[in-house]
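Student: Sequence:
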Amino acid sequence: MWAWVFDATPLIYLAKVDRLALVQQLDGSCVLPERVYEEVVETGLEQGYPDTRRIERSVDADRFDIVSVETTPLLSRLQDNSNLSDADVAVLTCADAHDGVAVMDETYGRDVAAAEGITTRGTAYLVLKLASEGAISVDDARTVIDAMIDEGWYCAPDVYTKIIQKLESLAD
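Going letter by letter, the sequence shown gives residues 1 to 172 in UniProt numbering.
It should be emphasised that the hints constitute simulated quantities derived from the structure, not laboratory data.
Treat the numbers as computed from the prediction; the structure is a model and nothing was measured.
The C-beta atom is built at its ideal place from N, Cα and C for all residues, glycine as well.
Mixed in with the good hints, there may be bad ones.
Mimicking DSSO-like on lysine-lysine, the simulated pairs with C-alpha atoms at most 30 Å apart in a straight line are [unchecked claim]:
(1) Lys-162 <-> Lys-16
(2) Lys-129 <-> Lys-16
(3) Lys-16 <-> Lys-166
(4) Lys-166 <-> Lys-129
(5) Lys-129 <-> Lys-162
Here are the in silico distance ranges between beta carbons for each label pair [unchecked claim]:
(6) Glu-34 <-> Arg-77: 17 to 27 Å
(7) Glu-34 <-> Ser-169: 36 to 46 Å
(8) Asp-146 <-> Gln-47: 25 to 35 Å
(9) Ile-149 <-> Ser-169: 17 to 27 Å
(10) Ala-21 <-> Gly-48: 37 to 47 Å
(11) Ala-21 <-> Glu-42: 17 to 27 Å
(12) Asp-172 <-> Asp-146: 33 to 43 Å
(13) Asn-81 <-> Gln-25: 32 to 42 Å
Make a model of the complete structure from these sequences and hints.
Tutor: What follows is the structure, given as structure tokens:
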């Protein structure tokens with residue numbers, strides 16, 4: 001069984017709009033590398049970010065499994081890339097090791113993943129997937145996307161247009 005391996009950004013924005021429960025609708029397990037958990041939850045709590053509690057509660061509710069990342073040649077190679085954070089390295093290495101999908105929104109990390117043959121999907125993909133499967137309504141999906149943008153999630157205008165067109169096609 002494959003896994004959805006979450007990077008920090010998708011977690012943070014789903015938490016900001018109080019929609020982390022959506023991950024329960026995904027086929028496969030949802031995984032957080034220890035490094036992502038440390039960055040998002042432990043550091044978030046120390047710095048007083050209110051949405052951190054939502055992520056912590058989702059982990060406590062077993063929506064996410066916390067996993068350690070094994071040392072592999074890929075890990076060693078990615079650690080040499082100063083443009084990747086430790087969390088990005090952990091997500092990509094974990095996705096590779098578990099034949100999983102790296103859930104990340106940053107273009108650079110996705111480009112590195114593509115070069116390494118690791119499948120990536122972004123937060124918007126997950127929301128669209130759930131809408132296309134009928135797990136959430138099209139209106140609900142648009143509300144989630146718009147709310148994340150209102151909270152500061154970056155979405156290029158042309159990408160936003162494609163997301164809305166896809167949602168409208170699902171509504172037909």
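Student: Indicate, hint by hint, whether the structure satisfies it.
Tutor: Taking the hints in turn, this is what the structure says about them:
no. : hint                            : result
1   : Lys-162 <-> Lys-16              : holds (23 Å)
2   : Lys-129 <-> Lys-16              : holds (20 Å)
3   : Lys-16 <-> Lys-166              : holds (24 Å)
4   : Lys-166 <-> Lys-129             : holds (10 Å)
5   : Lys-129 <-> Lys-162             : holds (14 Å)
6   : Glu-34 <-> Arg-77: 17 to 27 Å   : holds (20 Å)
7   : Glu-34 <-> Ser-169: 36 to 46 Å  : holds (39 Å)
8   : Asp-146 <-> Gln-47: 25 to 35 Å  : holds (27 Å)
9   : Ile-149 <-> Ser-169: 17 to 27 Å : holds (20 Å)
10  : Ala-21 <-> Gly-48: 37 to 47 Å   : violated (24 Å)
11  : Ala-21 <-> Glu-42: 17 to 27 Å   : holds (22 Å)
12  : Asp-172 <-> Asp-146: 33 to 43 Å : violated (20 Å)
13  : Asn-81 <-> Gln-25: 32 to 42 Å   : holds (33 Å)
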